[in-house]
Amino acid sequence: MMARSLPKKLASSLVPAVPYLWLGLFFLLPFLIVLKISLSDPAVAQPPYKPVFDWSDLIGFFGQLDLENFEVLTSDDLYLRATLSSVRIAAISTVLLLLVGFPIAYAMARAPERHRSLLVALVILPFWTSFLIRIYAWIAILKPEGLLNQALMGIGLIAEPLTILNTETAVFIGIVYAYLPFMVLPLYAILEKMDDTLIEAALDLGCPPWRAFWTITVPLAMPGVIAGSLLCFIPAVGEFVIPDLLGGSETLMIGRQLWSEFFSNRDWPLASAVAILLLIILVVPIVVYRDVEARRLETRP
Amino acid sequence: MNRRLSLFNVTALVLGFAFLYLPILLLIVFSFNSSRLVTVWGGFSTQWYVALFRNEALMEAAWVTLRIALLSASLSTVLGTLAALALTRYGRFTGRTLFTGMVYAPMVMPEVITGLSLLLFFVAIGLDRGFWTITLAHTTLTMCFVTVVVQARLMNFDRSLEEAAMDLGAPPLRTFFSVTLPLIAPSIVAGFLLAFTLSMDDLVVASFNAGPGATTLPIKIYSQVRLGLSPEVNAASAILIGIVAVGVATATLLTKRSALRSRRKAH
Numbered sequence: 002m003m004a005r006s007l008p009k010k011l012a013s014s015l016v017p018a019v020p021y022l023w024l025g026l027f028f029l030l031p032f033l034i035v036l037k038i039s040l041s042d043p044a045v046a047q048p049p050y051k052p053v054f055d056w057s058d059l060i061g062f063f064g065q066l067d068l069e070n071f072e073v074l075t076s077d078d079l080y081l082r083a084t085l086s087s088v089r090i091a092a093i094s095t096v097l098l099l100l101v102g103f104p105i106a107y108a109m110a111r112a113p114e115r116h117r118s119l120l121v122a123l124v125i126l127p128f129w130t131s132f133l134i135r136i137y138a139w140i141a142i143l144k145p146e147g148l149l150n151q152a153l154m155g156i157g158l159i160a161e162p163l164t165i166l167n168t169e170t171a172v173f174i175g176i177v178y179a180y181l182p183f184m185v186l187p188l189y190a191i192l193e194k195m196d197d198t199l200i201e202a203a204l205d206l207g208c209p210p211w212r213a214f215w216t217i218t219v220p221l222a223m224p225g226v227i228a229g230s231l232l233c234f235i236p237a238v239g240e241f242v243i244p245d246l247l248g249g250s251e252t253l254m255i256g257r258q259l260w261s262e263f264f265s266n267r268d269w270p271l272a273s274a275v276a277i278l279l280l281i282i283l284v285v286p287i288v289v290y291r292d293v294e295a296r297r298l299e300t301r302p
Numbered sequence: 677m678n679r680r681l682s683l684f685n686v687t688a689l690v691l692g693f694a695f696l697y698l699p700i701l702l703l704i705v706f707s708f709n710s711s712r713l714v715t716v717w718g719g720f721s722t723q724w725y726v727a728l729f730r731n732e733a734l735m736e737a738a739w740v741t742l743r744i745a746l747l748s749a750s751l752s753t754v755l756g757t758l759a760a761l762a763l764t765r766y767g768r769f770t771g772r773t774l775f776t777g778m779v780y781a782p783m784v785m786p787e788v789i790t791g792l793s794l795l796l797f798f799v800a801i802g803l804d805r806g807f808w809t810i811t812l813a814h815t816t817l818t819m820c821f822v823t824v825v826v827q828a829r830l831m832n833f834d835r836s837l838e839e840a841a842m843d844l845g846a847p848p849l850r851t852f853f854s855v856t857l858p859l860i861a862p863s864i865v866a867g868f869l870l871a872f873t874l875s876m877d878d879l880v881v882a883s884f885n886a887g888p889g890a891t892t893l894p895i896k897i898y899s900q901v902r903l904g905l906s907p908e909v910n911a912a913s914a915i916l917i918g919i920v921a922v923g924v925a926t927a928t929l930l931t932k933r934s935a936l937r938s939r940r941k942a943h
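Residue numbers (my numbering), protein chains in the order written: chain A, 2 to 302; chain B, 677 to 943.
Since the hints were derived computationally from the structure, they do not count as laboratory data.
Because the structure is a prediction, the values reported are computed rather than measured.
The beta-carbon is built from N, C-alpha and C at its ideal position, and this holds for glycine as well.
Take the hints with a grain of salt, since some may be wrong.
[Stated by the list, open to error] Not everything, but these chain A residues come out facing chain B in the computed CB check (under 7 Å): (1) 35; (2) 104; (3) 127; (4) 138; (5) 139.
[Claimed, not checked] Label pairs and their computed distance ranges (CB to CB): (6) 804(B) / 223(A): 49 to 55 Å; (7) 216(A) / 843(B): 50 to 56 Å; (8) 196(A) / 861(B): 32 to 38 Å.
[Stated by the list, open to error] If you want the footprint, here are the derived chain A segments under chain B, 3+ residues with CB under 8 Å: (9) 15 to 28; (10) 213 to 225; (11) 253 to 267.
Chain B extracted, bound-state conformation (with noise of 0.2 Å):
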């Protein structure tokens, strides 16, 4: 059905749209600013650009904020399939219940909570704190988000692909990663992005877990706010803003591709 938008409603998605992308858009603008000042506008320059890339500590948390994402993203989705596959084919084991509770939790829990859990975790089993411990934090969190968004895709999921291979033959393992993964995989990617950017993003855990030898950029960040304002920063949020659109816009070109390919193969 095609529907005609009324005046009101074209009004609430403008100035939606408006609350939603001003702030972003006025950072980007004023990361080229060549004023020390956030609000006032002193001709265009990329001085902060040339700064940030000289900004040794900057540049090293980007990077540790990086390796920490990839690898706790790659854990979770790897931990996060396997419990939604044991959610979704296994029946009632022993703990289910426990099992589900626990998958659920940490997306409910507080992130303080999550934070300081694992803090005092990490200090009763002697680990010093540092990238193991927020990559593992990370993991923990995100394999959850993983779990359901895998989830939701295995409950939709045609089961006799599965019966057929089987009955052609296919040992298990075979039928899962020749049927079953190929099946999921968007499910799969999404839950990865998801982790991801949950990592990248993240400052409450991150904070709790960190130690002398890591540093994430959202902590970084966060420290540099509240020391006051620097167009460094600006620039630093300019260019995650250009990756994560260049992200998204690629991850919607593939996601587009692949239905268009798909219904090819249906015709």
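The following block holds chain A by itself, in its conformation from the complex (with noise of 0.2 Å):
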């Protein structure tokens, strides 16, 4: 490294301080605020809308911080049904996302390399329309008199219309369209590498097409599909959009319930309460992930 000198020192110093300052600023600090929130009581954290920090009492206030909030979240098992119930629709979900995912990646994969780059150009596309767009799209076609159920009266499969909007199959549907490029890309970006001596090796050697597909194919493809079911089922926990849209009254997701806290009880406290919660929810699958990840790679010969 060459000497430089002061005033070029500290030209050069702000090129991380800005954006270092700014996520400083409008990152971590409200994200203390949350944390902050979610150890005080309801009446200090007064809502609507007021001023909550007090910055001329700061001891008075750490004297108050307690974790009445998680008590509640523990002690009302709503809490944990609706984590519950996210975990569960999240994590089916991504293993539907992995049964439609696969063959496309599969199929893309295989594709002619000319075609490819318009392939993933196809699947990425989608994803640049709005989302709210397309899910909105989905009730036009999932609702009673919707054209699904148009199309199957039609055809005559089914007498009577089927109810799949406000339900949780039209949520899985909705989470399955939402998030497809997430598990397809990943998914593809491996596949698209990998060696096909290695079938063709397999298949002269008498192994059938099935068994070389499952011995080969797949633990050759296991980090994107790592990498995809993360991809999908960390924002999945959380969503908000697809199961208010798409789901019933009954369909019980953490995000919505966080939502409702918020906008609908305006309960501050609870609501910061169930953010943090659902934070460690999502941290901990990704340290697992980081884990798996830097062991795979200890392994590596």
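Can you join these two chains into the complex? Each is in its own frame, and there are hints to help.
What follows is the structure, given as structure tokens:
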């Protein structure tokens, strides 16, 4: 490194300083406020829309902190049920996404090379149109007098319209639809690089195709499976819009609970506690994933 | 290697793309429906587009959304590029671990929590909710995506080009603007477009930080969807899809042309 004069050093330290300060101000501080409010009493953190932070009374302020809101979360089983239900819905959706996404990613990776970038673009393109618009389109398809029921009755498969909208099935359809690119692209990235000669060798040695797929393709695709599953699972747990628009009132999800705690009940401390809880649930899988990743890299020859 | 598609693969692709595109297609078709009912075809009509342009609240929301997206995407491109430079060029600086964490955390955090925490922050510092709070919130959320995109490019960067410029006597700032910046420009453009789309599309963070003075198009569409389906929203959606399609096509053409140009230069 060459020696720098002091003004230059100052100027160059501005490069990290500006984004650092921005994130400290608009990410870290807000997050600490959520943490703090989750630890205070409803009466102290008063809704609605009043300054909740008294900068002058820091000591008295810390004295008021307690875990009461977290006790509410554990004592009222609504939150536990909502959390478990979110994790369950996100997990089932992730499995469905794998089942739907793997064949698409596999077919894309096997496609002639000159077509592959077009196929990738086609997968990304719906992601560029408004998320809300796409979910909204599903309402028109899934509602009782909607296009799906009309089509099914038209070909005589069903006599009565099926109730799909406002059920959990609709939520699954919505999540699979909205998150499909996030599953397909990591899978494609791995499958595209795969060495075909391994499969050919297995087939030459008399291995049936399904077994070659199961013992060679699937293990080699594992990093893509994990990456895609995390990209889908993590945001799906906190999902709010899809269950709210497609799921019925009985579809219980924690993101939705947080929303209503905040906007309908105006219980800021409890909403903040729900937020912290949700964050903990989501951070654990990431830490586990990182750990698995690190170990995988260590054992690599 | 050229591979041939098996019947199974073709079926997977056809079904997959039908699943992805059918809803969008139906939406566009029904935006030209003369019937008020979204599922019953009553003949071709452009009346909902006319109604849309007369709907001042919807047009106002679209205008606000566009302004916020342009402003926050510009801000987040600058901030995100600086952050990417800091992460790739500055080695170990004080608080680097915290910095890295803060860059990645907003992407992992559920939007509901990001929106909530920023709202509480704006209330705490006494900033009125509206245009500026949404812009600040979107900048914070999207700069992380810009950082990741630009960082990827910087990591594959040939530093000897910069060193050559410096050896030939170019001052650091000049080197940055005439060597580094042009070389990472495609990733900066990509980052900007990504930030712009995220901002245009965002409902959750915007809902938490929108005030009486500023309603974005996603918020408006969302409230209309809950009140009942209106073909006007179909028309608004079709226009948005059209804008996106033109944008994507232009971007694809531009990258193809610049790729061709650089290939020609290389020969």
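Against the structure, the hints come out as follows:
Because the beta carbon of residue 35(A) sits about 4 Å from the nearest beta carbon in chain B, less than 7 Å, this interface hint is met. With a cut of 7 Å, the hint placing residue 104(A) at the interface with chain B holds, because the nearest CB-to-CB distance is about 4 Å. With 7 Å as the threshold, the beta carbon of residue 127(A) comes within range of chain B, its nearest partner Cβ sitting at about 5 Å, so the hint holds. Annotation: residue 138(A) was flagged as interfacial toward chain B, and the flag holds, the nearest CB pair being 4 Å apart, inside 7 Å.
Of the supplied interface hints, the one on residue 139(A) holds, with its beta-carbon coming within about 6 Å of a beta-carbon of chain B, less than 7 Å. A beta carbon spacing of about 50 Å between residue 804(B) and residue 223(A) agrees with the range 49 to 55 Å that was offered as a hint. Separation of residue 216(A) from residue 843(B) is about 55 Å and conforms to the stated range, judged on CB atoms against 50 to 56 Å. About 35 Å separates the C-beta atoms of residue 196(A) and residue 861(B), a value consistent with the hinted range of 32 to 38 Å.
Beta-carbon proximity to chain B at under 8 Å applies to 10 residues in the segment 15 to 28 of chain A; the threshold of 3 is reached and the given coverage holds. Under a criterion of three residues with beta carbons nearer than 8 Å to beta carbons of chain B, the stated coverage of the segment 213 to 225 of chain A fails, only 0 such residues being counted. A count of 4 residues in the segment 253 to 267 of chain A with a Cβ less than 8 Å from any Cβ of chain B is obtained; the coverage claim is therefore met, three being the minimum.
The structure shown violates just one earlier hint, number 10.
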